[in-house]
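Novice: For reference, the chains in residue letters:
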Amino acid sequence: MKSVWRQPLFLLGFGIISFFLVGSFVYEWIFGNVPKQTFFIEENGRAVEGPPISPKWMHPLGTDQFGYDMFGKIMIGAKYTILAAMAVAALRMLIAIPLGFALGTYLQRQRSWINGLIDPIHYVPMTIFAVILLTPVLWMPQEGFSTTLTERLVIQVVIMAIMTVPIVAALIGNETNLLYHQEYILAARTLGASRRRLIIRHLFPQMREKMLVLYGQQVVESLIVFAHLGMLQLFLGGTDVDYDPMFADPPRSISYEWAGLFGNSFRYLQGAPWLPLGPAISFALVILAIAAMIEGYTRATNGQVTLPKRKRMAFVSEETVDWNQQQLREKMILLQKEARR
Amino acid sequence: MKRILLWSIQFLAAFFSILLLSGAPVLITGFQQGKLLWNEYIETIKLHVTSLMNLRELSVDYYVGRGEMRQVPVFPQLLENITYSLQLLFLALVTAVVFALIGTFITMLLREKARARVKLFFYFLESLPDILIILLAQLFVVIIFQQTGILVSKIAVIGDDRIYWLPVLCLMILPMIQLYRLSMLTFEAEERTMYVELAKSLGFGKAFILFMHIFRNAIVSVFFQSKKTMWFMLSNLFILELMFNIPGVMLYMFENLSGTLFLVTIMSFFLPIFILYSLGEWYFIHRLKRGGVVG
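Line order of the protein sequences matches chains V and D. The numbering of the first sequence is my numbering, which starts it at 7 and goes up by one. The numbering of the second sequence is my numbering, which starts it at 21 and goes up by one.
Heads up, some of the hints might be wrong.
To be verified - No farther apart than 25 angstroms at their CA atoms in a straight line, the calculated lysine-lysine pairs in the BS3-like style are these:
no.: 1; chain 1: V; residue 1: Lys216; chain 2: D; residue 2: Lys247
no.: 2; chain 1: V; residue 1: Lys42; chain 2: V; residue 2: Lys62
no.: 3; chain 1: V; residue 1: Lys216; chain 2: D; residue 2: Lys226
no.: 4; chain 1: D; residue 1: Lys248; chain 2: V; residue 2: Lys216
no.: 5; chain 1: D; residue 1: Lys66; chain 2: D; residue 2: Lys139
no.: 6; chain 1: D; residue 1: Lys139; chain 2: D; residue 2: Lys220
no.: 7; chain 1: V; residue 1: Lys42; chain 2: V; residue 2: Lys85
Keep in mind that the hints were calculated from the coordinates and are not lab data. Because the structure is a prediction, the values reported are computed rather than measured.
Please work from the sequences and hints to get the whole structure.
Specialist: Right, here's the structure in full:
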């Protein structure tokens, strides 16, 4: 197998993601978790520009309406958004993979009607579904949250993961079922391999690459849903709503995660386009990076499968192996005859 | 006859699953308090069914101002919203399909090396988030207006007017790229089959084979795989309505968030799309069978 580390596309994507992730932690470590605030810019002793300040050398992405540096906000928020998306995708895959394998092997008979039940989910747009499910969790009620920030984060990640588990599971199930009818699986079955063994030794190694690619796609999908939720004022880890009837602050995001940065600022597009564009471009960059990693990975592993290391088995005599081979040959001949009839 | 029965079973199953989903928020609210609200869940679903039964009387709270509230009937206002949304959706779908197919034809006529580059380019273009595309489109219009004073299109709907081409453009770009990549894959798979080689060896031109043979066979599998694009488009439409302030059904639902409205909204998309896909499936399978191949 060619190494993925020799693929320029993979390296590029990996570089961008690690820039955001490592950069996020380093930034917070150096500058603290409040970005730099500038109230106005002076030139020759006169204030020439007040916040929101347009992009300059000092503020590469400008500042927001309160003078906070956008670049700092984006860097601080990066880790929440990226890690949450990765967690959602990972949890989703963890649940969907066993279900998918079960669907493709143990539940073959029931597969068609299970698929029929899952199919209508395709008509429910993901974002709307997420909004309906997450509003009771993330929107602060009048009397304040009854849950802590961590609880809300965990609940959000779990709900978003479970939301599309059926679809991913059906996808894996269909793929497994396709593989299940291949000849080498048939050979293994005639030798008496149990379904469990088939899954572990044959199907899983064969599917591993596809599942990694699927994982990447799920991360992208979760990032996009985060961005959409941000537009609907449902931020990662909850929305802090001010119920003051007179001078209510706009809904606030609790951390500086990107969904909140984007959702709070897209109304300023005409006056201060750098406000929504900064987070939107960061979203796009991370998604592009993941796409590049997927492409590099598929190029590196094209068509190659790595088997798990063979467990050291108890001593098997030559005779047993010979006997096995003979059995296989006979049964294959039998099968062939049957197929001809 | 059997087909119709199967179709109605499918339809009922779909309706049933969407109904089950519409009550899910109650379960989550209960889960937050550490309780399992089964009875409430069933109650909510019953409520949704009854309110669907007398749809005409469905109404939402409407703030008149100063904390006053009035009950405003949903229909016929919602019907207008639904038509607007569906118009946008299907206009975008048609343009996306047309442009994707034209793009596929042009790329298929290119040489291998150029083709690979075009494909990589579109692969990366596909991963742009929709919010960025809409933002850039709006910004572009604003910049043009500032520079030249020409308003190419309105970037938000105010009052009763309707805008079409800019939202349709924003909505079609990503599905178009997805469909393009999908049809490229199937076209290329089809290109490697025996009958294409035979046609080539008989001396037919590239464009002729592409149009008369490959296209006809590939379009079937493109159709069956396009469901996912449709799903993706629905999410996009939601964001689009929000960012353009379009008075569509999704914006309406978001402004009056309730389980019943969720159900109505989903059904209003589900019905036309489901019918479209059923008809398409029926047509393609019919055609396949007439050719002697059992689909």
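Novice: All the hints need checking, so say for each whether the structure fits it.
Specialist: Hints, one by one, checked against the model:
1. V:Lys216 <-> D:Lys247: OK: V:Lys216 and D:Lys247 at ~20 angstroms, within 25 angstroms.
2. V:Lys42 <-> V:Lys62: Holds, at about 14 angstroms.
3. V:Lys216 <-> D:Lys226: violated (33 angstroms)
4. D:Lys248 <-> V:Lys216: holds (18 angstroms)
5. D:Lys66 <-> D:Lys139: violated (50 angstroms)
6. D:Lys139 <-> D:Lys220: holds (24 angstroms)
7. V:Lys42 <-> V:Lys85: holds (18 angstroms)
Checked against the numbered hints listed earlier, the structure breaks hints 3 and 5; every other hint is satisfied.
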